[in-house]
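Asker: Sequence:
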Amino acid sequence: MTEFAARLERVARNPEVFKSFGRGVERETLRYHQDGHLATTPHPKALGSAYANNWITTDFSESLLEFITPVSQDIDTLTAQLEDIHHFTQTKLGEEKMWPLSMPCYVGSEDDINLAQYGSSNSGKMKTLYREGLKRRYGSLMQIISGVHFNFSFPESFWDQLYGQQDEQQRQESKSQAYFGLIRNYYRFGWLIPYFFGASPALCGSFIQGRETKLPFEKIGGTLYLPHATSLRLSDLGYTNSAQSALKIGFNSLEEYLDGLNTAIRTPSEEFAEIGVKVNGEYHQLNSNVLQIENELYAPIRPKRVAKSGEKPSEALARGGVEYIEVRSLDVNPYSSVGINAEQVRFLDLFLAWAALSDSEDMDYCEQACWRENWNKVIAEGRKPGLELQIGCKGEVLSLQDWAKRVFVELTQIAELMDAAHGGNEYQAVCFKLLEWIDNPELTVSGQLLADTKRLGGLGKVGCEFGQRYRQQHLNHQYRTYNAALMEQEVERSVRAQADVEAADELDFDAFLADYFAYLNA
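Numbering (the working numbering), first residue to last: 9 to 530.
Keep in mind the hints are simulated off the structure, nothing from the lab. Note that CB positions come from ideal geometry on N, CA and C, so glycine has one too. Check the hints yourself; a few may be wrong.
What the hints assert, rightly or not - Between beta-carbon pairs, the in silico distance windows are: (1) 21 <-> 315: 27 to 37 Å; (2) 443 <-> 290: 54 to 64 Å; (3) 443 <-> 381: 21 to 31 Å; (4) 79 <-> 483: 23 to 33 Å; (5) 79 <-> 276: 19 to 29 Å; (6) 456 <-> 21: 13 to 23 Å; (7) 136 <-> 428: 30 to 40 Å; (8) 9 <-> 381: 40 to 50 Å; (9) 268 <-> 168: 25 to 35 Å; (10) 483 <-> 429: 32 to 42 Å; (11) 117 <-> 23: 26 to 36 Å; (12) 381 <-> 417: 23 to 33 Å; (13) 529 <-> 444: 29 to 39 Å; (14) 315 <-> 136: 37 to 47 Å.
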């Protein structure tokens with residue numbers, strides 16, 4: 009029996025484990041006008057305070073909505089929460105709609121992208137200044153690409169089955185170690201996610217206005233595309249930062265990861281120093297280091313812990329270890345009105361469980377470079393027949409299809425146990441469906457979307473057609489988990505909460521920033 013099979017058998021002795029995975033979703037979407045152009049209006053007051061609303065906020069810009077679900081153990085509940093949040097939001101948008109694609113709608117000028125505003129408190133102003141820094145470092149267009157972040161955790165019963173009785177410190181260390189094993193395997197095989205679910209093989213020509221690219225784009229009207237691409241959102245055109253690629257951040261332990269992260273936020277950048285921090289009395293960025301704050305680190309997956317008030321993400325991890333992981337490589341699914349569907353969640357359940365239960369050797373920087381190359385290949389040409397990938401610096405070279413089928417042998421074993429616990433065959437059905445996609449790349453989401461883009465004559469037309477359809481769906485939706493009164497209460501509570509924070513400020517902004525970043529000089 010393999011180590012994987014032995015671990016799976018141990019966990020499966022308590023079927024309740026498979027019914028208790030913790031899941032939460034953060035979905036981003038741009039507000040846009042009837043004509044497919046970006047909305048330049050402020051965040052609607054009827055949605056409450058973007059600073060404090062627990063369910064509806066903004067990401068980089070005023071027009072980039074972000075919807076957040078609480079953690080739940082039930083996939084139908086998760087979907088219902090997302091649908092309810094979309095419904096409430098759409099009722100407050102008038103004629104504006106929510107863009108159903110990861111790559112942005114038509115943007116006439118970067119000046120149309122207004123930075124998200126969070127009020128007059130010091131912490132609110134800092135959030136906007138962080139975005140000012142992102143704008144000056146990378147440009148605003150990159151920052152309004154939309155994605156879906158999937159937060160995931162195993163229940164305590166999972167760890168009980170794997171490790172037996174442990175004291176609190178032992179359990180904390182075991183969980184962190186296991187989650188970092190999962191992260192390493194995610195880097196090795198997580199390209200399966202953009203292969204299956206990448207949904208940005210094309211982009212609006214306005215997205216690369218004034219930027220040089222060496223990518224061999226083909227054209228459909230004003231749309232640019234790569235014939236075999238899966239997720240341009242994850243490419244050099246999207247969320248990447250060349251300055252970060254030189255950072256040495258390891259994933260072999262929590263300590264190694266935190267050491268790398270703490271070095272990165274203290275590493276000066278000559279390029280960003282040229283922007284200046286405070287110029288003629290006006291702040292241009294929080295600081296001129298490679299990372300202004302920890303959240304600027306681009307990563308397709310992150311170890312996370314819920315932070316206490318005033319605690320930075322790395323401080324929370326150092327205090328209590330890894331509590332959950334955040335999967336960040338999901339494009340918005342254009343074939344779901346809420347950007348993600350139950351099949352994707354079930355695949356992630358299977359894949360993340362597999363990544364945690366499988367052997368996961370330490371990963372050196374040579375192997376990190378190797379996984380980056382694999383991901384880049386899948387992102388730019390994942391649907392190309394016979395595409396070859398090498399797992400590990402001296403590892404085997406096999407076709408994407410062969411690697412994927414190897415993984416699916418074990419995913420299917422997990423699926424059988426998941427279905428036995430839940431009743432039904434939905435997890436196995438996902439495996440059978442995606443196995444077909446392995447051999448038929450045009451069935452993948454990127455394959456479907458490129459076909460629709462060609463059929464309708466451009467990405468803008470796809471976005472407008474789907475967006476109009478989903479607007480009607482959202483408006484017609486009946487609440488399933490929340491209700492209108494509850495949503496309105498959260499709007500009112502969030503406005504009061506923002507006002508309370510603003511009233512409590514005692515320091516001026518300069519002193520607040522100096523205090524916040526004092527740890528960099530420690």
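Asker: Now tell me if each hint is right for this structure.
Answerer: Hints, one by one, checked against the model:
no. : hint                    : verdict
1   : 21 <-> 315: 27 to 37 Å  : holds, 34 Å
2   : 443 <-> 290: 54 to 64 Å : holds, 56 Å
3   : 443 <-> 381: 21 to 31 Å : holds, 25 Å
4   : 79 <-> 483: 23 to 33 Å  : holds, 28 Å
5   : 79 <-> 276: 19 to 29 Å  : violated, 38 Å
6   : 456 <-> 21: 13 to 23 Å  : violated, 40 Å
7   : 136 <-> 428: 30 to 40 Å : violated, 50 Å
8   : 9 <-> 381: 40 to 50 Å   : violated, 33 Å
9   : 268 <-> 168: 25 to 35 Å : holds, 31 Å
10  : 483 <-> 429: 32 to 42 Å : holds, 37 Å
11  : 117 <-> 23: 26 to 36 Å  : violated, 56 Å
12  : 381 <-> 417: 23 to 33 Å : holds, 25 Å
13  : 529 <-> 444: 29 to 39 Å : violated, 57 Å
14  : 315 <-> 136: 37 to 47 Å : violated, 20 Å
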